[in-house]
Every structure is written in C-alpha cells, then in structure tokens.
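These protein sequence lines are chains U and L, in that order. Every number in this note's numbering is 1 more than the matching position in the first sequence, counting from 1. Every number in this note's numbering is 11 more than the matching position in the second sequence, counting from 1.
A portion of the hints provided could be inaccurate.
Unchecked claim - Think about it this way: if two alpha-carbon atoms lie no more than 30 Å apart in a straight line, the pair counts; the simulated DSSO-like pairs of lysine-lysine are: (1) L:Lys-144 <-> L:Lys-39; (2) L:Lys-39 <-> U:Lys-47; (3) L:Lys-144 <-> L:Lys-154; (4) U:Lys-47 <-> U:Lys-138; (5) L:Lys-99 <-> U:Lys-138; (6) L:Lys-99 <-> U:Lys-47; (7) U:Lys-34 <-> L:Lys-154; (8) U:Lys-25 <-> L:Lys-124; (9) U:Lys-138 <-> L:Lys-144; (10) U:Lys-25 <-> U:Lys-47.
As the list claims (entries may be wrong) - Residues from chain L that face chain U, not an exhaustive set, calculated with beta carbons under 8 Å: (11) Ser-44; (12) Phe-71; (13) Gly-74; (14) Thr-95; (15) Asp-105; (16) Glu-117; (17) Ile-121.
Since the hints were made in silico from the structure, they are not lab data. For every residue, glycine included, the Cβ atom is placed at its ideal position computed from N, Cα and C.
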Amino acid sequence: MTINPDLQGRSYPAAEVYDVGREKIREFARAVKATHAAHFDVEAAKSLGHGDLVAPPTFAIIIAQRADAQLIEDPEAGIDFSRVVHADQRFIHHRAIVAGDRLVAELHVDGVRAMGGGAMITTRSEIFALGHDDSRKHVTTTNSSILVRGEGQ
Amino acid sequence: MSFSIHELSPGQDIGSRTIEVTRTDLVKYAGASGDFNPIHWNEAFATGVELPGVIAHGMFTMGSAVQLVTDWAGDPAAVVDFQTRFTKPVLVTDTTGTPEPGATIEVSGIIGKLDAEANTARIDLTVIAAGQKVLMKAQALVKLA
C-alpha cells in the first residue's frame, strides 16, 4: 500500500461543530488521571478567572483526531489506520478551552514524507470557537505527525 | 500556587509523579478521547500488526504526564504550549482481576528555560516506563503570574 504524495498541501474545511460539555471535560480529565479542581468544580474554575470548567491541556486531541479522521478515512489517502503510530504532537493554546465552547477544526496536511515502506504525515488543526454571530475566535493550534508503518516495520 | 519569574531558576526541580496504568485505564481513555484503535485494547490485534502487545495511547501518556505541570502552575490554562515526541511504546500487560498495574510511568520535571520577555517558564519533562524514556522533547510552556 502506498501513501498518496499529493496529500501534501491538502486542507479539509471545518466540518461538524464540537460542543464542549462539562461532563466531557470531567470524563477526559479522569481518563488522563488529572485531579486539578478547575477540571471538575465550576466554582474553582471561576475563582481562577475562567468562565467555566477548564479542559486539560491535551483535551483538544478529541477535536484534532476527529479532523484527522477526514484524512485517514479518505480513500484517496491510502492510509491503513491499523498501521498508524503517533510520532509527535504539539498543542499551542491561544486561550484555554472551557465548557460551553462550540469548536470547529480546519485540517491542513503540512507534510508527507516516504519512510522505508511507509510514510510520515504531518497535519495541523486550527481550532476555532464559534461566537453567537458565527464569528470565529482562534483557540488552539495542534500539530501532529503520524507514521504509517510499511510491511515489516 | 503560581510563581513569579524572579522566584525561579533554570534546572530547578518541579517534582515527580508515578502513574500506574491498567488495561481498564486504556479502555477509559479510548472512550474519553474517541481513539478506538484496537492496538490499545486487543492483544491479538496488537501482535497481529507486529507490536509486542497492547500499548498505551501516546496521548494517554502525554495527557497524564502534564498533570505535574498543571499542578505546579496552579492553573491548567497556564499551560500555553505542550509538545512531545513519542519514542517508545508503553507496553501495558493484562493484570485484569489483580491489584497490580500493567505498567508504571514515572514523570519528573525541571525548569528548562525562563523567558522574561514572554514571562514564561519552559518545563522539561522526563517520562520513563520499564526503564526507558518513552517521551522525548516533552516540553510545556507555562505562563507565569
């Protein structure tokens, strides 16, 4: 199986809206064994100056991986998900994600590089919060590299 | 707890944390994150794609390691940038029905760099499982008070 080199430079527009709920923040925080009160207790979050529960620093991976799914499930991409290994990840927060945010992600394929029989694919999700008038505020940028292992790798 | 840059110096220790991981934790993380790749919960599938066994999600390791930083910073929103490379998989053995963890992750952190202009501290994390560094260049940028 070969990865389509023409993927580089491709973008996938913001698709569905992700509504950030309090219980999802609590569930994700428990799943990464985070115990900070700002993830669980609205009053604790407010006392730190936040409008609502604060998402853990890696929470945006939920939204980024939904955006990545558009690429991985794209039959033109030629990616076998069972052979995908996460190589690196970065989150740049322009502001923290909080409960009540309505988020959308634009996916950009920044790089495709052949490696052995596989390929390293670098993607970037630009995550925006929608305002009341559907205005967009930039919330988080995620950068991710995945290695699609070739046979025997 | 939050710090002023004047109280800090490069090389300073911010503490350490031990994270015990079970197969149940991986199932919980799969559900919470939406990453249902079977290499993180199905032994036969994992070995079938030439892995040594079920491995933790890299994002589980990254996400659980950063708690040391959020606690030190006093506010999760102070972590304005967080990155890592995943260098070794964390193999999680099946200890279902016993009180034993399937893997243990050791996290420690030091101040790597201070930036007075941006008023940030870069925390460099060392993350070890089974005697090997599983994350490389695990760096969190913290906005200081």
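Can you confirm whether the C-alpha distance between Lys-138 (chain U) and Lys-144 (chain L) stays at or below 30 Å? Violated: Lys-138 (chain U) and Lys-144 (chain L) sit about 37 Å apart, past 30 Å.
With the threshold set at 30 Å, check whether the alpha-carbon distance from Lys-25 (chain U) to Lys-47 (chain U) stays at or below it. 18 Å, holds
For the pair supplied as a hint, Lys-25 (chain U) and Lys-124 (chain L), confirm whether the alpha-carbon distance does not exceed 30 Å. The given pair, whose Cα atoms are some 34 Å apart, is violated under the 30 Å limit.
Hint status (Cβ of Gly-74 (chain L) to nearest Cβ of chain U, threshold 8 Å): Gly-74 (chain L) check passes; min Cβ-Cβ to chain U is 4 Å, inside 8 Å.
With a cut-off of 30 Å on the C-alpha distance, tell me whether Lys-99 (chain L) and Lys-138 (chain U) pass. 36 Å, violated
So, Phe-71 (chain L) near chain U? Judge it on the closest CB pair being under 8 Å. 7 Å, holds
Just to be careful, I want the Cα atoms of Lys-144 (chain L) and Lys-154 (chain L) compared with a cutoff of 30 Å; is the pair within it? With Cα atoms ~26 Å apart, Lys-144 (chain L) and Lys-154 (chain L) stay inside 30 Å; holds.
Supplied contact hint for Ile-121 (chain L), tested at 8 Å Cβ to chain U: 18 Å, violated
Check the hint pairing Lys-144 (chain L) with Lys-39 (chain L) against an upper bound of 30 Å on the C-alpha distance. 24 Å, holds
Grab the minimum C-beta distance from Asp-105 (chain L) to chain U and call the hint holds if it beats 8 Å, violated otherwise. Hint on Asp-105 (chain L): violated, closest Cβ of chain U at ~19 Å, above 8 Å.
Take a quick look at whether Lys-39 (chain L) and Lys-47 (chain U) sit within 30 Å of each other, Cα to Cα. 28 Å, holds
Proposed proximity, Lys-138 (chain U) with Lys-47 (chain U) (alpha carbon, max 30 Å): 21 Å, holds
In summary, the structure is inconsistent with hints 5, 6, 8, 9, 15, 16 and 17 from the numbered list given earlier, while agreeing with the others.
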